[in-house]
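Novice: Chains as they are written, first to last, in the numbering used here: chain L, 1 to 638; chain D, 1001 to 1250.
Because the hints were derived from the structure by calculation, they are not lab data. Keep in mind that this is a model prediction, so the values were computed, not measured. Any given hint could turn out to be false.
Calculated lysine-lysine pairs in the BS3-like style (CA-CA distance at most 25 Å, straight line) [stated by the list, open to error]:
1. D:1147 - L:505
2. L:494 - D:1244
3. D:1011 - L:542
4. L:481 - L:542
5. L:367 - D:1079
6. L:497 - D:1011
7. L:542 - D:1049
8. L:489 - D:1049
9. L:367 - D:1244
10. D:1244 - L:179
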Amino acid sequence: MALDSKIPSGPLDKKWSQYKSSVKLVNPANKKKIDIIVIGTGLAGASAAASLGELGYKVKVFCFQDSARRAHSIAAQGGINAAKNYRNDGDSVYRLFYDTIKGGDYRSREGNVHRLAEVSVNIIDQCVAQGVPFAREYSGLLDNRSFGGVQVSRTFYARGQTGQQLLLGAYSALNRQVKEKAVELFTRHEMVEVVIENGKARGVIVRDLVTGEIQRHAAHAVVLATGGYGNVFFLSTNAMGCNTTAIWKAHKKGAFFGNPCFTQIHPTCIPVHGEYQSKLTLMSESLRNDGRVWVSKSKGDKRKPQDIPEEERDYYLERKYPSFGNLVPRDIASRAAKEACDDGRGVGESGMAVYLDFADAIKKYGKDTISSRYGNLFEMYDKITGEDPYKTPMMIYPAVHYTMGGLWVDYNLMTNVPGMYATGECNFSDHGANRLGASALMQGLADGYFVLPYTIGDYLSGEILTGKIKTDSAAFDEAEKNVRAQIDKLMSVKGTKSVDFYHRKLGKVMWDKCGMARNAKGLTEAIEEIKKIRTEFWSDVKIPGTANELNPELEKAIRVADFIELGELMCRDALHREESCGGHFRSEFQTPDGEALRNDDQFAYVGAWEYKGENQPQELHKEELVFESVHLTQRSYK
Amino acid sequence: MKLTLKIWRQKNKSDKGGFETYQLNNVDTHASFLEMMDVLNEQLIEENKIPVAFDHDCREGICGACSMVINGRPHGPLKGTTTCQLHMRHFNDGETVTIEPFRANAFPVLKDLVVDRTSFERIQQAGGYISIGTGSAPEANNIPVNKVDADKAFDAAQCIGCGACVAACKNGSAMLFVGAKVSQYALLPQGHPERMERVLNMVAQMDEEGFGGCTNTGACEAECPKEISVANIMRLNREYISAKLSVERE
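Work out the full structure, taking the sequences as your base and the hints as a guide.
Specialist: Here it is, written out as structure tokens:
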């Protein structure tokens, strides 16, 4: 099957404006007759639900948390990119576009990325007008800082809590629509199935997490905005509840999964402590603006950092990448940390950490300045580790943070299933094989505020005569039956091991064999090991309580069942992609100095996987990537 | 280390509930409080008992989901710290730790340590926003904001909506929560056109939800994990009175 990306023709910088002028619209009277379901209330979901509500559509929005404000976008720290060029440092829409394409190691679509760069400036305007308290200078105007992988300062921020402030902005816009009764909000409701009727997405099945009630909701379009699937690794910087269930169910109902193996391992996280560890905590990449990364030059050096003299330290990022230094993109910084540790030069008790040192920055700018930039991050570090980063260098190690892969979508953000959309992190679209810092917030809000409200009309204009979608159809019966069958099956296993036991087991396989470095042997083994975990899970998982009450163990079980299946697909995708690019590093494919070695002749495509049924391997479809404006080169940050 | 845990167990909203006691024998001091709860739950599952339900999500102190009263204090003994960021090194070997849900009229218990905080949602829906539609915003730097005001607005906007202020207050008052939101918008020029309706609507909703009044004891500020200042309550009162007087004058 040929995948049509539906990128408009015409010059790159005119595609989006021409598209907007010619896209089909739904008139206001008809919008009232159209129902839209949005799943997820993070940046992508809340902004979409609010904007669609403002337009006059009838919107229902669902989240599994007890409040829409708790979606995991809230935890993003560093900032949001926009090509405002307030700094007069040579930034432009084209440069943001180019940096994103290059940062993604040439595995994203030019058309999508240019559109993202174009609307980035509108996002800042929108958020400021909503009352988002961005950092400001004494002039009263907005402040910027720089981030990894770029040479301009285009990142807007609100101390180390940018995601929180942007999400609260989107949440406030959502609340306004809830009050206007344009949007109906369902908290503590989790989507557990999508309903497809005559090939079109027509609704969802959700579970009320307090009562266990299974509900049917119908709509003319379903928007999935459910975030990333990093928790497939068990340990990640994602919130505990982040999951793949919504997009996985969509995948099993026909939506193609794009580039599932593209995972971002963030270089600056607090290292793993013990067996009980439940999640990992990120330390914002913005810290690399002033922090210097180093290890000892000698192996097995157990001295305290203060006792290692300057000339015996290896500031390896500055040494290897003089032009970007500590601000190389995430994939490169992560691999470099892994190399240092694999070389026996890691620090801390486990030897699986490197230093991030602020001593020079404090000397240069003073403690107060550093505190105003990163105060809350330093405090957070101190709380978790019991060490004061003003006095001793932080210890950091890479951890799973973001997934560039996700549901395949076209330029309209629609999956290959008509009427089903995917926005924000849960689609595959804009970041290629590696996302640049401060671009996730940008994409989530771009999709929700400025892209989807236009593109969804193109499809919905064909739905104005459809009338109300009924929930008593055979398609809904079937979907609900499947959900009940899955829950009954899980509850009836009554085995001996908890859900977390299997989740940890899966996570370990994924981290060891489908993590920062991958190879054919490991991936082949991982696929077999995951199959075994799956069999064991379904025959020996233990879920206490009943399905008709608040039951967190059952919630987890439903999610982990899907993670297990996804994990296998990720390994298959990683195995088939015989090249290294961005966050996907196959150790068989590297340059003589250890950098990712792309194979553009054979792999300059999006790998989109089609579900073929229980226990059948997915079928690969390819969307060739066409580069008209950018010349593909070996990425260099030296 | 060893701990004795006294935990509030309640099957559902209508159940009366009560304390149960559990022993944990091997708690790692580096573990977070919620990781200690995970270990307890694994132990309970092993023993064929029902694990303790509690709200949690980000585990990095920002989502505001966790909502436990630990030894009588919302989010436990550490200043400016959510439960998820509290680590076991702050407890002593052999200690008995009492764990309850956030309690307030407006926060009914759903199960064990899980409470219903949708009253907060309804307060936000009553006016916690600036009425700006997508696409109609002016150029961002056309709205300069004095840096001091912007910083104060940020301080107020840091509220994570956990409800510790309510749980800490003997009156079950939500004034700090509402004060923080009202302050954020009152301090920013963008918030000015609607400042009167906003404060009146949010306070009316707060009263309707059954939150108590403020008697200036300051427990909310002391227990707030984001250390939101009670100055925001003063500002709320000022905004409210001035709005009330202006509206009555009309």
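Novice: Each of the hints needs a verdict: does it hold here or not?
Specialist: Hint check:
| no. | hint | verdict |
| --- | --- | --- |
| 1 | D:1147 - L:505 | violated (50 Å) |
| 2 | L:494 - D:1244 | violated (61 Å) |
| 3 | D:1011 - L:542 | holds (20 Å) |
| 4 | L:481 - L:542 | holds (22 Å) |
| 5 | L:367 - D:1079 | holds (22 Å) |
| 6 | L:497 - D:1011 | holds (23 Å) |
| 7 | L:542 - D:1049 | holds (11 Å) |
| 8 | L:489 - D:1049 | holds (20 Å) |
| 9 | L:367 - D:1244 | violated (45 Å) |
| 10 | D:1244 - L:179 | holds (22 Å) |
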